[in-house]
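Peer 1: Sequence:
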Amino acid sequence: MQAVIVLEDGSRFPGKGFGAMGMQVGEVVFNTSMTGYQELLTDPSYHRQIVVSTVPHVGNVGVNSDDPESEKIWVAGFAVRSISPVVSNWRSQATLDEYLRKQNVIGITEVETRALVRHLRTRGVMRGVIAHGEMADDTQLLLWEAQRWSGMDNLDLAKEVTCQAPYVWEEPIDPAWYSDTTTSGMRGHIVAYDFGIKHNIMRLLTARGFRVTVVPATTTAAETMSMNPDGVFLSNGPGDPAAVTYAIDAIREMLGQVPMFGICLGHQLMGLALGGQTHKLLFGHRGGNQPVRDPESGKVTITVHNHGFEVTAGSLPDDVTVTRVNLNDGCIEGLRCDRLKAFSVQYHPEAAPGSHDALDLFDDFVALVESVHARS
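This note's numbering runs 3 ahead of the 1-based position in the sequence shown.
Treat the hints as calculated values from the structure; they're not laboratory data. Each residue gets a CB set at the ideal place from its N, CA and C atoms; glycine is no exception. A couple of the hints might just be wrong.
Taking lysine to aspartate or glutamate pairs in the EDC-like style, the calculated list, with each CA pair at most 20 Å apart, reads [unchecked claim]: (1) Lys19 <-> Glu115; (2) Lys105 <-> Glu148; (3) Lys344 <-> Asp233; (4) Lys344 <-> Asp252; (5) Lys302 <-> Asp367.
FRET-style restraints, in silico, Cβ to Cβ [stated by the list, open to error]: (6) Glu256 <-> Asp363: 26 to 34 Å; (7) Glu256 <-> Val325: 32 to 40 Å; (8) Asp177 <-> Ala316: 48 to 56 Å; (9) Thr324 <-> Asn92: 37 to 45 Å.
Take the sequences, apply the hints, and build the full model.
Peer 2: Have a look at this one:
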């Protein structure tokens, strides 16, 4: 049945629908990862976003119960050039079409994704609507729906994706996918803020000997410190970081009291808590092939990204060091403040999917926690 994506500027990209019927509004973005569409769909950082895959053929390995990065699909819609009519993988338990239908998520195939991505790269990500069914014919209605949505600016989405109460994470990593990662000893207690946390982050923290307590995004500094953490982790998540004021306040209060590591939204929130500013990128970084450089060593790492905002260059205090920069556009990709025992990266060292090149950042967190407690 007919389906369409209509952007706020009136551009129309027709195709054929799969997954659920209906209409959904969101920010239309693109992802350049070659694999891992199930992990992508279940990443809470994509909440309220219609994701366009640049891979021309999607769905050939189906879906399974092991690969999701959260408890549900979070994307507002999924656009592909071609969905595979055949599923062939020993781990597959359902088709991509069935997966989206079961969770009431709209998909569109046979859409000109290359033209759509080029349009977004030129004009920037936009508000848009994905529709599947009879409503796809009403371009004026869909345009009106796209234009009346507020968009991502000033939108706090962490409260919509976070857990409702603290819990302890115990699931380990699968050793088939990693080597020389698991430790047999207990290294301390980490409180992980859930702004939209991915499962693989918690697996990798657990594998390094940490007892991991996951807490809601709105947890105060006093509540966290009462748990006597040896370290605090700030997770990825969706929305505008500047709108998550309660988390910025909590982070600012904890900085210097406990070792801290942040990624993605957690990196942006740490930057704001340190006194910096953030702004929205034209089309963001989303994919598993982004090169970042360490200015001190010159080392280049291929990394996994999913963000539309960045910490603004020149807005940080003098004692905050920029530890990584993006080789494509010079975007700040990492921060460190030795005085406050804190560091962060904009990208995803846990991958899922993508390169394992940055896994050593979890080891850096281990080293920071152990060095602080060795001195205490």
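Peer 1: Now look at each hint and say whether the structure bears it out.
Peer 2: Each hint tested on the structure:
Between lysine 19 and glutamate 115, the direct Cα distance comes to roughly 11 Å. Compliance with the 20 Å bound is thereby established for this hinted pair. For the given pair, lysine 105 sits about 25 Å from glutamate 148 by alpha-carbon distance, which is inconsistent with the 20 Å threshold. Among the hinted pairs, lysine 344 with aspartate 233 is consistent with the structure: their alpha-carbon atoms are about 12 Å apart, no more than 20 Å. Our distance criterion of 20 Å between C-alpha atoms is met by lysine 344 and aspartate 252, whose separation comes to about 17 Å.
Only pairs whose Cα atoms come within 20 Å are accepted, and lysine 302 paired with aspartate 367 is accepted, the gap being roughly 16 Å. For glutamate 256 paired with aspartate 363, a C-beta distance near 29 Å keeps the hint of 26 to 34 Å intact. In this structure, glutamate 256 and valine 325 break the distance hint of 32 to 40 Å, their C-beta atoms being roughly 24 Å apart. For the pair aspartate 177 and alanine 316, the supplied restraint of 48 to 56 Å is violated, since their beta-carbon distance comes to about 39 Å.
Distance hint check: the CB atoms of threonine 324 and asparagine 92 are about 44 Å apart, consistent with the given range 37 to 45 Å.
The structure fails to meet hints 2, 7 and 8 from the earlier list, while all remaining hints are met.
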